[in-house]
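S.K.: Taken in order, these protein sequences are the chains called B and F.
The opening residue of the first sequence carries number 151 in this note's numbering; numbering runs sequentially from there.
The opening residue of the second sequence carries number 3 in this note's numbering; numbering runs sequentially from there.
It cannot be assumed that every hint is accurate.
[Claimed, not checked] One side of the interface only, derived from the structure: several residues of chain F facing chain B at Cβ under 10 Å: (1) M69; (2) F341; (3) E431; (4) Q433; (5) C437; (6) Q439; (7) R440; (8) G441; (9) G454; (10) E458.
[As the list claims (entries may be wrong)] Taking lysine-lysine pairs in the DSSO-like style, the calculated list, with each CA pair at most 30 Å apart, reads: (11) B/K342 <-> B/K286; (12) F/K358 <-> F/K281; (13) B/K286 <-> F/K78; (14) F/K202 <-> F/K149; (15) B/K268 <-> F/K473; (16) F/K281 <-> F/K324; (17) F/K49 <-> F/K78; (18) F/K281 <-> F/K81; (19) B/K315 <-> F/K446; (20) B/K286 <-> F/K457; (21) F/K349 <-> F/K78; (22) F/K68 <-> F/K78; (23) F/K355 <-> F/K446; (24) F/K457 <-> F/K358; (25) B/K315 <-> B/K373; (26) B/K268 <-> F/K457; (27) F/K358 <-> B/K279; (28) B/K342 <-> B/K380; (29) F/K446 <-> B/K268; (30) B/K164 <-> F/K264; (31) B/K373 <-> B/K389; (32) B/K279 <-> F/K446; (33) F/K49 <-> F/K68; (34) F/K147 <-> F/K81; (35) F/K383 <-> F/K281; (36) F/K473 <-> F/K281; (37) F/K446 <-> F/K324; (38) B/K395 <-> B/K373; (39) B/K389 <-> B/K315; (40) F/K446 <-> B/K286.
It should be emphasised that the hints constitute simulated quantities derived from the structure, not laboratory data.
Cβ coordinates follow ideal geometry from the N, Cα and C atoms, glycine included.
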Amino acid sequence: MIEIKNVHANIEGKEILKGLTLTVNSGEVHAIMGPNGAGKSTLASILAGREEFEITEGSVTFEGEDLLELDTEERAHAGLFLAFQYPVEIPGVSNVNFLRTAINEIRDARGEAPISAKDFMALVREKSKIVELDSKLASRAVNEGFSGGEKKRNEIFQMAMLNPKLAVLDETDSGLDIDALRIVAKGVNSLKSADNASIVITHYQRLLDYIVPDYVHVLYDGKIVKTGNKDLALELEEKGYDWIKEETQVG
Amino acid sequence: MGQYTENELAKDLENQDYKFGFVTDVETETIPVGLNEDIIRLISTKKEEPSWLLDYRLNAYRAWLKMTEPEWAHIKYEKPDFDKITYYAAPKQAKKYESWDDVDPEMKETMAKLGISLEEQKRLTGVAVDFVMDSVSVATSFKSKLKELGIIFCSFSEAVQEHPELVRAHMGTIIPHTDNFYAALNAAVFTDGSFCYIPKGVRCPMELSTYFRINAGGTGQFERTLVIADEGSYVSYLEGCTAPQRDENQLHAAVVELKALKDAEIKYSTVQNWYPGDKNGVGGVFNFVTKRGLCETNAKISWTQVETGSAVTWKYPSCVLKGDHSVGEFYSVAVTNNFQQADTGTKMIHLGKNTKSTIISKGISAGDSHNSYRGLVQIHKNAKNSRNFSQCDSLLMTDHCGAHTFPYIECKNPSAQIEHEATTSKIGEDQLFYCKQRGISEEKAISLIVNGYCKEVLNQLPMEFAVEAQKLLAISLEGSVG
């Protein structure tokens with residue numbers, strides 16, 4: 151699905167990613183954990199194509215294509231989705247109008263005809279159930295006046311609507327109470343299939359009680375320094391990140 | 003990364019020709035260049051006007067001679083040389099068209115290019131079109147249907163001939179010929195326009211619409227519109243404009259007068275898309291318009307405008323809330339790009355008791371343009387319990403454009419309630435990135451965000467106009483983020 155090789159990235163001259171390597175295959179869920187400032191959100195940003203970051207070394211191959219050669223929207227057309235840590239508000243633009251535009255742009259890029267209004271509304275009804283999103287939220291302006299939890303649920307709703315091959319969830323659990331967390335996790339789990347994959351970026355182990363990862367990676371100082379299964383997450387929860395830091399420095 | 007940069011995109015789009023820039027080759031009859039009393043007499047004679055109207059014109063001209071061009075607006079332009087303008091141009095065929103079939107094929111083509119083909123218009127149920135090309139109305143439709151209801155909807159010249167008593171009684175009563183420099187000029191040399199009268203208690207069943215265009219090169223256009231809604235009546239009036247591309251500046255100084263009698267309601271919507279000049283600020287239309295409406299008791303006037311065109315815009319559709327319980331509304335979207343300048347807003351004059359006004363203004367500046375909101379809310383001493391709410395938002399697309407707000411509030415009655423809200427924001431890189439991540443191209447994203455921003459105003463437009471307005475906004479702002 152995606153192969154990230156020795157990626158170095160900097161912003162305003164400061165190197166954040168220092169040789170990150172990660173391979174994700176179809177059907178897999180990978181969790182990326184790490185202390186603040188390790189480069190977790192930078193990873194999400196460079197995958198989505200934020201222009202502030204400069205990639206100085208390395209490569210990213212997505213479904214056989216050089217991802218770094220693609221513009222942000224082309225990456226979306228290819229099936230990459232980012233659930234934002236801080237979803238923005240777009241006043242006056244209804245969620246449904248926004249999503250319909252997005253779906254039709256993606257379909258257009260793939261040479262498909264626009265979705266009919268009837269099919270679209272059926273899709274909205276079906277997918278909003280997954281995240282228990284109030285149908286009123288679907289017709290309200292994108293994220294405008296949404297609570298933190300509603301914004302995150304809306305991200306998962308959008309993900310469900312766009313049905314991506316690879317979803318990158320950037321600290322989707324931050325600021326969520328336990329009920330919202332459960333709903334978000336349920337959404338992610340129910341969308342899981344053998345054909346798609348996700349990268350779940352999180353600071354806490356908590357989310358991984360609900361979204362069970364196949365692999366857990368520890369990102370520290372711009373590199374993945376440790377990889378394990380879900381037990382690694384529990385170990386981190388128990389011991390914190392200091393032992394990783396020490397281990398890395400010793401190594 | 004695959005870099006088709008914003009700059010390249012912007013360049014591509016700047017080089018796009020003005021979509022409606024073409025000249026129709028219809029034989030045009032003009033009179034000598036320049037302005038003096040003889041020219042005014044000639045115009046009046048050509049139009050076979052009654053003597054009172056000639057006197058009105060001459061009085062206005064004499065008043066105009068003593069006036070000076072206003073300089074208080076936040077705009078810079080080369081003042082027009084009024085002696086170099088041709089004040090009258092009419093397509094040569096004098097005959098009236100009884101049906102669309104009689105209309106010159108070339109004219110039909112012009113309208114087709116404008117996206118308002120007559121065939122389409124005819125099918126569009128509920129829309130009667132009075133198409134003004136240059137200064138003479140060449141086609142009118144749905145007339146008989148309106149006639150049944152006693153509604154008069156015709157060209158101004160026709161109204162002068164057919165309904166002189168109505169024209170004489172109301173013309174210039176809302177905007178006197180001495181009102182301002184451009185209104186005086188219009189009163190002296192206006193050539194045509196539209197006239198509309200809705201009788202007592204009649205609800206006009208269709209949107210009345212007029213398409214104005216400027217066609218003959220170097221011809222100033224001086225339109226005059228008069229809409230009278232008699233007691234308890236209702237009308238929704240649409241005005242839409244596009245103009246062909248020209249290198250020299252074209253002056254447009256229109257006058258629009260609305261009168262809503264007791265319990266009447268007038269909704270006046272405008273989409274203005276005159277040639278804004280090229281990307282270097284060369285050419286474009288000067289739009290100096292005076293629009294004002296008068297509300298009697300319990301009447302309501304609502305102005306909605308989407309302004310995307312013209313090199314220079316100077317325009318303040320206003321409401322005089324004379325009657326008690328009358329309501330005035332102003333909804334505006336003004337877009338400026340490249341070197342366009344707009345100084346636009348409204349005046350809400352509260353004279354009666356319990357009068358209410360709402361102002362929603364959305365300014366969008368791109369390129370090197372300057373966009374100003376200028377508004378006056380005036381509460382007179384007898385206007386007890388009057389209320390005004392104003393909201394003026396500015397959206398900046400680049401870091402070298404300008405947004406300015408000049409609100410004036412004069413309140414002489416302590417029971418009045420006046421609210422003013424204003425915001426200025428720059429189009430968010432984060433919003434654009436969010437849209438792009440969902441697969442939406444930058445152009446579509448801008449159009450989506452801007453249309454969302456203007457939603458409160460666009461919602462006021464009749465459906466078919468709203469669609470056109472949304473397209474216009476997108477066209478006007480293509481590749482403008484920087």
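S.K.: For every hint, state whether the structure bears it out.
M.R.: Outcome of the hint check:
{"no.": "1", "hint": "M69", "in the structure": "violated (42 Å)"}
{"no.": "2", "hint": "F341", "in the structure": "violated (28 Å)"}
{"no.": "3", "hint": "E431", "in the structure": "holds (9 Å)"}
{"no.": "4", "hint": "Q433", "in the structure": "holds (5 Å)"}
{"no.": "5", "hint": "C437", "in the structure": "holds (8 Å)"}
{"no.": "6", "hint": "Q439", "in the structure": "holds (5 Å)"}
{"no.": "7", "hint": "R440", "in the structure": "holds (4 Å)"}
{"no.": "8", "hint": "G441", "in the structure": "holds (4 Å)"}
{"no.": "9", "hint": "G454", "in the structure": "holds (3 Å)"}
{"no.": "10", "hint": "E458", "in the structure": "holds (8 Å)"}
{"no.": "11", "hint": "B/K342 <-> B/K286", "in the structure": "holds (26 Å)"}
{"no.": "12", "hint": "F/K358 <-> F/K281", "in the structure": "violated (41 Å)"}
{"no.": "13", "hint": "B/K286 <-> F/K78", "in the structure": "violated (48 Å)"}
{"no.": "14", "hint": "F/K202 <-> F/K149", "in the structure": "holds (14 Å)"}
{"no.": "15", "hint": "B/K268 <-> F/K473", "in the structure": "holds (24 Å)"}
{"no.": "16", "hint": "F/K281 <-> F/K324", "in the structure": "violated (44 Å)"}
{"no.": "17", "hint": "F/K49 <-> F/K78", "in the structure": "violated (35 Å)"}
{"no.": "18", "hint": "F/K281 <-> F/K81", "in the structure": "holds (20 Å)"}
{"no.": "19", "hint": "B/K315 <-> F/K446", "in the structure": "holds (23 Å)"}
{"no.": "20", "hint": "B/K286 <-> F/K457", "in the structure": "holds (18 Å)"}
{"no.": "21", "hint": "F/K349 <-> F/K78", "in the structure": "holds (22 Å)"}
{"no.": "22", "hint": "F/K68 <-> F/K78", "in the structure": "holds (22 Å)"}
{"no.": "23", "hint": "F/K355 <-> F/K446", "in the structure": "violated (46 Å)"}
{"no.": "24", "hint": "F/K457 <-> F/K358", "in the structure": "holds (22 Å)"}
{"no.": "25", "hint": "B/K315 <-> B/K373", "in the structure": "holds (24 Å)"}
{"no.": "26", "hint": "B/K268 <-> F/K457", "in the structure": "holds (24 Å)"}
{"no.": "27", "hint": "F/K358 <-> B/K279", "in the structure": "violated (44 Å)"}
{"no.": "28", "hint": "B/K342 <-> B/K380", "in the structure": "holds (17 Å)"}
{"no.": "29", "hint": "F/K446 <-> B/K268", "in the structure": "holds (23 Å)"}
{"no.": "30", "hint": "B/K164 <-> F/K264", "in the structure": "violated (70 Å)"}
{"no.": "31", "hint": "B/K373 <-> B/K389", "in the structure": "holds (20 Å)"}
{"no.": "32", "hint": "B/K279 <-> F/K446", "in the structure": "holds (29 Å)"}
{"no.": "33", "hint": "F/K49 <-> F/K68", "in the structure": "holds (26 Å)"}
{"no.": "34", "hint": "F/K147 <-> F/K81", "in the structure": "violated (45 Å)"}
{"no.": "35", "hint": "F/K383 <-> F/K281", "in the structure": "violated (48 Å)"}
{"no.": "36", "hint": "F/K473 <-> F/K281", "in the structure": "holds (20 Å)"}
{"no.": "37", "hint": "F/K446 <-> F/K324", "in the structure": "violated (44 Å)"}
{"no.": "38", "hint": "B/K395 <-> B/K373", "in the structure": "holds (12 Å)"}
{"no.": "39", "hint": "B/K389 <-> B/K315", "in the structure": "violated (34 Å)"}
{"no.": "40", "hint": "F/K446 <-> B/K286", "in the structure": "holds (25 Å)"}
Checked against the numbered hints given earlier, the structure breaks hints 1, 2, 12, 13, 16, 17, 23, 27, 30, 34, 35, 37 and 39 and satisfies all the rest.
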